[in-house]
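Asker: Next come the chains, spelled out residue by residue.
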Amino acid sequence: MTAKTLFEKVWNAHVVAPETTDTPAILYIDLHLVHEVTSPQAFSELRERGLQLRRPDRTLATLDHSTPTLPADANGERPYATAEAKAQVAQLETNCREFGVELHGWDSSDRGIVHVIGPELGATQPGMTIVCGDSHTSTHGAFGALAFGIGTTEVGHVMATQCLLQRKPRTLAIHVDGQLPAGVGAKDLILHIIGEIGVDGGTGHVIEYRGDVIEAMSMDERMTVCNMSIEAGARAGLIAPDDTTFAWLKGRPRAPQGAAWETAVQHWRALRSDAGAQYDREVRIDASKVRPTVTYGTHPGMAIAMDKPVPAARNAMEKRALDYMKAEAGKPMQGTAVDVVFVGSCTNSRLSDLREAAHVLRGRRVAEGVRMLVVPGSEAVRRDAESEGLHHVFTAAGAEWRVPGCSMCIAMNGDLAQPGQLVVSTSNRNFEGRQGKGARTVLASPATAAASAVAGRIADPREYMTEVAA
Amino acid sequence: MRPVTRIHSRTAVLTDENIDTDRIIPARFLTTTERAGLGKLCFNDWRYQADGSDNPAFPLNQPPARGCAILVAGRNFGCGSSREHAPWALLDYGIQAVLCSEIADIFRNNALKNGLLALVLDEAEHRWLLEHPGIELSIDVREQYVALPDGGRIGFQLEPFARHCLLNGVDQLGYLQHHGDAITAYEQRVEKAA
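Chains as they are written, first to last, in this note's numbering: chain R, 1 to 470; chain H, 1001 to 1194.
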């Protein structure tokens, strides 16, 4: 038997009809995650065609993108940015009721960002195929699932048939060897990787992240890495499941229980690339060279260690990007004045991310004139953070502690920056206008974001971390 | 989907690389629950000035580019999010084809499912088109070529099933539903094994 990659194993197990020269494969989808923004037109399509959901039991919905992150007022009214946003949320509530979909809405103690709650509920499991009308679905690849974003037409396809028409993507192995230096984390690593391979370096490929550094990572860290696979253009990012994965999943509400758990783990242990399996491409990354990394331009591939000088523009596009960012070639990003700091998003809003930011902020103040928002990824993260008192650390420092949601990552709920403001953000995209028209986004880790909030300028978090300084 | 066999138009050119879906349609407009009417929001923050008037610096606002149905764009067009609002907005704005040396996967997939020809060309030919805005092109989906005014032809890649669906206006959901028995058999096989 030929050696297979992890991707091939998961793909092969889900082929309903194999691909031919003329037709793509029909691929079965185990889990369909749904949110309010990319689903309404798909539900409408079903209604127009008189169709039902094929597998409501394999469908899970939440409210996250258009939702306000300030709490409801005394009358229970939520401060939606627009009437349209409110209507969109109401539409998902109606659609889920009508089509029998489990919705983690306002009344759910599990509501949160779709890519945070899938894993938390144990709905995300190794070996699954998972899709969502959201490009950051790649996050779930951290569990050894083949997970990717789809458009609304395909959302409709999955609703009606639980299947997608797919051509088999190519594979790209990224080996991360060595050791990350103290105070340098998963976000620095993935920004560094995208800086190395480019914003389109993964196009047409599924990435498998491998090597000692990946194996040593926690699930939160693996999710941060897989989350940003799409920022290198990749369809998906995968990491082989291991004991870290199983320990994290065990006992979660939708995870297998009892004897079924043991059987599942036995099966999941086979989900790794065989020795000698061939990838279409391979890249090696030396983790020991990664430093606190930030972006300096207007796509995530324009990333660099914060203490290294910003490279000169090689063409008109790069010049436009530097001009937009008011970044100066030859000068490092470190030291750049900051207006807003955002800690949150499906990239970095989990408990460990909040702990990392709180570690830097404890006993310190957000600099005068800087606004800092901390938005937990889910109600569960919020509860856990509050039980540890992290919210007190944030509010004592002068930061705003918000209700879970996507918030300033996509800036469609009213949480946004003003034109010209510089935002140090733990999110995943630094496109022009992503966080508000004219807003300038610098992507960074939670530690860098917190250190920058305290300093009022982009700052090296290692200067604020006790275990690193010691 | 209506069949798409041939598109004839002058080209409009956006030379920028990595034109992301936030530039095609900013996220704040995604609160709609409809597909229709997004053309007026296409390239919103690039196309309009602060007072709402047309930005004369936006290439597609310049007279020769107005009304063009073929867009030649810099490499890696459509990168970023999975929002299908991007091809919906482009189509409603009047763009029927995007020619590029590389197109982001999800965008290309979404575009083709809506009859927007997202076509990948070789780099040299793509570069030539970027450097020659406003020329008359004719795209032949069946024969997979772009005809130049001088009679020359540029071939393009197109996934065979996408081509078949474009030419015949095939409803892909209908195609999937047609495989209902195979899907049921798959589900039974998997559930039995578990």
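It is possible that some hints are incorrect.
[Said to hold, decoys possible] Taking lysine-lysine and the DSSO-like style, the derived pairs with C-alpha atoms no more than 30 Å apart in a straight line are:
{"hint": "1", "chain 1": "R", "residue 1": "Lys289", "chain 2": "R", "residue 2": "Lys326"}
{"hint": "2", "chain 1": "H", "residue 1": "Lys1192", "chain 2": "R", "residue 2": "Lys86"}
{"hint": "3", "chain 1": "H", "residue 1": "Lys1040", "chain 2": "R", "residue 2": "Lys9"}
[What the hints assert, rightly or not] Where chain R lies over chain H, by a calculated footprint (3+ residues, C-beta under 8 Å):
{"hint": "4", "segment": "1016-1026"}
{"hint": "5", "segment": "1077-1084"}
{"hint": "6", "segment": "1105-1113"}
{"hint": "7", "segment": "1123-1131"}
{"hint": "8", "segment": "1134-1144"}
{"hint": "9", "segment": "1176-1184"}
[To be verified] Selected chain R positions facing chain H (in silico; Cβ < 8 Å):
{"hint": "10", "residue": "Thr38"}
{"hint": "11", "residue": "Ala85"}
{"hint": "12", "residue": "Thr152"}
{"hint": "13", "residue": "Trp248"}
Note that these hints are calculated values from the structure, not bench results. Note that the Cβ used here is the ideal one computed from N, Cα and C, for glycine as well.
Asker: Determine for every hint whether it applies to the structure shown.
Answerer: Structure-based check of all given hints:
1. Of the pairs offered as hints, the one joining Lys289 (chain R) and Lys326 (chain R) holds, with about 27 Å between alpha carbons and a cut-off of 30 Å not exceeded.
2. Among the hinted pairs, Lys1192 (chain H) with Lys86 (chain R) is inconsistent with the structure: their alpha-carbon atoms are about 43 Å apart, more than 30 Å.
3. About 45 Å separates the Cα atoms of Lys1040 (chain H) and Lys9 (chain R), which puts this hinted pair outside 30 Å; it is violated.
4. Restraint check on the segment 1016-1026 of chain H versus chain R: 7 residues with Cβ-Cβ distances below 8 Å, three needed, restraint holds.
5. Note: the segment 1077-1084 of chain H has 6 residues with beta-carbon separation from chain R under 8 Å; the three-residue rule is met and the coverage holds.
6. With a cut-off of 8 Å between beta carbons, the segment 1105-1113 of chain H has 5 residues touching chain R; three or more are needed, and the interface restraint holds.
7. Only residues whose C-beta sits within less than 8 Å of a C-beta in chain R count toward coverage, and the segment 1123-1131 of chain H has 0 of them, not enough to reach three; the restraint is violated.
8. Counting residues of the segment 1134-1144 of chain H whose C-beta sits closer than 8 Å to any C-beta of chain R gives 0, which falls short of three, so the coverage hint is violated.
9. Coverage of the segment 1176-1184 of chain H by chain R holds. Counting CB-CB distances below 8 Å, 6 residues qualify, and the rule asks for three or more.
10. Satisfaction of the interface hint for Thr38 (chain R) is found here, the shortest Cβ-Cβ separation to chain H being roughly 7 Å, below the 8 Å cut-off.
11. Annotation: interface hint on Ala85 (chain R) holds; nearest CB of chain H at approximately 5 Å, less than 8 Å.
12. Look at Thr152 (chain R): its Cβ gets to within about 4 Å of chain H, closer than 8 Å, so that hint holds up.
13. Because the beta carbon of Trp248 (chain R) sits about 22 Å from the nearest beta carbon in chain H, more than 8 Å, this interface hint is broken.
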